[in-house]
Every structure is written in structure tokens, then in C-alpha cells.
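Chains as they are written, first to last, in my numbering: chain W, 17 to 242; chain D, 17 to 242.
Since the hints were derived computationally from the structure, they do not count as laboratory data. A quick note: this is a predicted structure, and the numbers were derived from the prediction, not measured. The reader is advised that the hints may include incorrect statements.
No copy is singled out in the list; a pair is fine if it fits within one copy or between any two copies.
Said to hold, decoys possible - Lysine-lysine pairs mimicking DSBU-like chemistry, simulated, CA-CA at most 30 Å apart:
(1) Lys18 x Lys177
(2) Lys175 x Lys18
(3) Lys167 x Lys177
(4) Lys167 x Lys228
(5) Lys18 x Lys167
In case you want the letters, here they are:
Protein chains: 2
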Amino acid sequence: MKAVVLLSGGLDSAVTAAFARSRGFEVYALTLRYGQRHVIEVVAAERLARSLGAVRHAVVDLDLRGITASALTSDIPVPTGRAAADIGRDIPPTYVPARNTVFLALALAWAETLGSFDLFIGANALDYSGYPDCRPEYLEAFERLAYLATKAGIEGAGKFKIHAPFLQTTKAEIVRTGVRLGVDLAATTSCYQPDAQGAACGACDSCLLRRKAFAEAGVADPTRYR
Amino acid sequence: MKAVVLLSGGLDSAVTAAFARSRGFEVYALTLRYGQRHVIEVVAAERLARSLGAVRHAVVDLDLRGITASALTSDIPVPTGRAAADIGRDIPPTYVPARNTVFLALALAWAETLGSFDLFIGANALDYSGYPDCRPEYLEAFERLAYLATKAGIEGAGKFKIHAPFLQTTKAEIVRTGVRLGVDLAATTSCYQPDAQGAACGACDSCLLRRKAFAEAGVADPTRYR
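Chain W with its partners taken away, still in its complex shape (with noise of 0.2 Å):
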């Protein structure tokens, strides 16, 4: 069966799609460059999903910067050094006005082209709290509306599943996951402004949830810091 797997090179969405592979879905793998400053995540995902045996990765092109602002597409700074207990207590200027929602519908559109009725998202309700398209509910709403938005939907083909195995995982967990399915964790990146050479500012939100989760998952970190 196929899957469409939301592949952004980072942490979750790596193991995400290689826990998709083990249950038995072929995954396409579906990345966007949207404007983001951290690009070259892009090229993580590429390596990932050679790495993770896609049987096909899209990478669309779909410039946000035109019509969002965020710490992530524009020049707002990214917030470093934060307390790991207030992350994710607040909406954080790394917020990327619905992002979730266009990713998935572009995972729509091609799920549907495909006839595949199987999505799979990295998001995590744990860390991300403060996003509100990371949340159940959020999810449980698009699942609904993909069942009403396509041909597929009203013909009674299948009906669309949302699969977002890691929305109440820790971080810890999703690393421990990652060993335990061979994901090559040193390919992935999760810096929100790396350095032009990839390598990873230690300090911002995602790099400090990072360090801790490997840090409590007993797994060395592989990840270059500046």
C-alpha cells in the first residue's frame, strides 16, 4: 500500500516515514521548499529518503515568504537559549501560519493522484504544544475534511487516515525509535538557522529539544554544532 510520508529532514518525519516502511507502506516521500531559512533541510530529505528506500520523493517548490511571516521565512531572529520547560508553552515566532494545513493538502492532492488514502505526519503534540496544527483535534479535523475535499472521498474508495505515530511521543522515545529502525540520524537536521556548512546553532528551540532528547534516550548525538 502506499503512503505519502510529510519528509522534511528533520528528526520526527525521518522516523515517521521509516516507521510507515515497517508497517509495510511504500513510501512517497513528499518535501517543500517553502521560503525556509534553514533549506538546507532539503538536502537532508533528499539523502533521507534514498537512505529510507522512498520509492519516490517530491520536493515542490511553494514560496511563502510572499504571504507569511515567521522567524522561519523572514527576518524576525529566531529565539535561542530558552528554558527547555517554556518551550512550547507559547505560540513561537518559529510559528509558520498554517504550515501543517498546506503541507497536508499538497499530501492530499498527491495521496489522491496516487490512490493512496494513507498520510503520515512527524507531528508531535509534546514539544510543539504551542503550535496549534500539531494537536489531536487539529488532526482528527483534517482527516474529515480530505474524506470531503475529493473525488475519492465521494466516490467511497477509501477513506483518508491521518497518521501522526509520534503526536504523543517524546522526543527521547522518537530518537530510541530512529535506533531501532536504522534511520541514519546523523542525515537528519533539525536547526532552525544552520550555518551555510549544515552545521547547527545549538541554541535555538529545535536544537535544544534535540540535544535533550538524545541526551535522555542514552543515544549519542551525531549532530554538527558550531
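Using the hints, position chain D against chain W.
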């Protein structure tokens, strides 16, 4: 009040934009260059955005050709010469998988960035009953999703409204409304396969519906047919 209006360059969306203005909204027009063969509609949208007095017009590039198959975005032939009664009965090959979901997701991203809660779409459930994502229940589901998808929704700053003012309106009535609101109907384009000079084929579903609508409205059709 700001509103994001999906403006394709076609008749329905142009009249929808004029309607939004007539209701006092500041129009932020959004057009997608998504790989459609009738890309000339983007030029039409630019002209219409100006003549309709849009505050801003954003044209976003998003190449759907890599992940969708449709008569509008690939080599699949556009059906021509169909009986008017047959149009809208089935889902035609011009259906682009999940297109309205992708477009509304982008409109939502821009609306949230602008602090707007009003999205306008020229969807029509009469002529396009064959398109799943033109049905009232689909639009209602998107409204629910928008609320859950966004920071604005979580924080209770407002409630998103998907306006589809012509959802249940005949195309003839849309033409008449366009005339009443002073829309430059000659600037709108409907044909799915215009030639390089923008002349319409006169035979695709979209041309046939347009011709019929102008005839029924008793308004001279300003379209250049080849």
C-alpha cells in the same frame, strides 16, 4: 476589514472579489500559478486585481505538476463539445486533486498573517457539482479546520469565515451581478485551453458554461473566441 480573495482570473472569482469590495472589505487577492495550461489566467488576474481595487495582489508559484494528474496540469486532453446537461454530472478529467484545499490552505496562511478572518472563494455548486471541493459541506468542514489550524483560532481572536457568495447561484446570475458591480468581464478568462493570444476555444466545459450564462443573462459575451 481585510479579506483574502482567491482570484483565478475567471468569471466567478472576479465577481466574488467585486462582491467582497461591495460589502466593504479590503481585498487581498491571491492567485496561484500552479502549472495550469491556461496560465494566461494569471495575467487576467493581475489586470482584474488592479481594476477591482485590490489592496494587494499576491501571485504564488506552486508547481502541482509533479504530484497531480489532471487535464489542467498534464497531457490528459480537455473534454470538448459536451452537452450542457452532462457537465457537472460526473467528476471531469479537469478536476485537479484537492486543488481547493491547497488554495484555501494558502489563503488561510495569508489571512492569519494579515490578521484577517474572512476568506472568499468563487466556488459554485451548480455548474461544478462534479467537483467534490465545491460543495457546501466541504466548505463548512474547511471553516472548522481553519479554526483549529491557527494561532488566531486558538487564541480566540476571531473565527474564520469561508465566504462563497455564489455557491448556489446560477452562472447567468453571476454575470448579471458582475455587470451590476462594474466588473470588467472582458478581462475575465474561462477557457481551459486558450491559444497563445488568449483566444478561447469555445468548446471546453468552461467555455460552454460561460457562453450559456451570458446568453441566459442577456449580456453580450465579450470573450474572444478563436
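Quick rundown of the hints versus the structure:
no.: 1; hint: Lys18 x Lys177; result: within (12 Å within a copy, 35 Å between copies)
no.: 2; hint: Lys175 x Lys18; result: within (14 Å within a copy, 36 Å between copies)
no.: 3; hint: Lys167 x Lys177; result: both (15 Å within a copy, 24 Å between copies)
no.: 4; hint: Lys167 x Lys228; result: between (44 Å within a copy, 26 Å between copies)
no.: 5; hint: Lys18 x Lys167; result: within (18 Å within a copy, 32 Å between copies)
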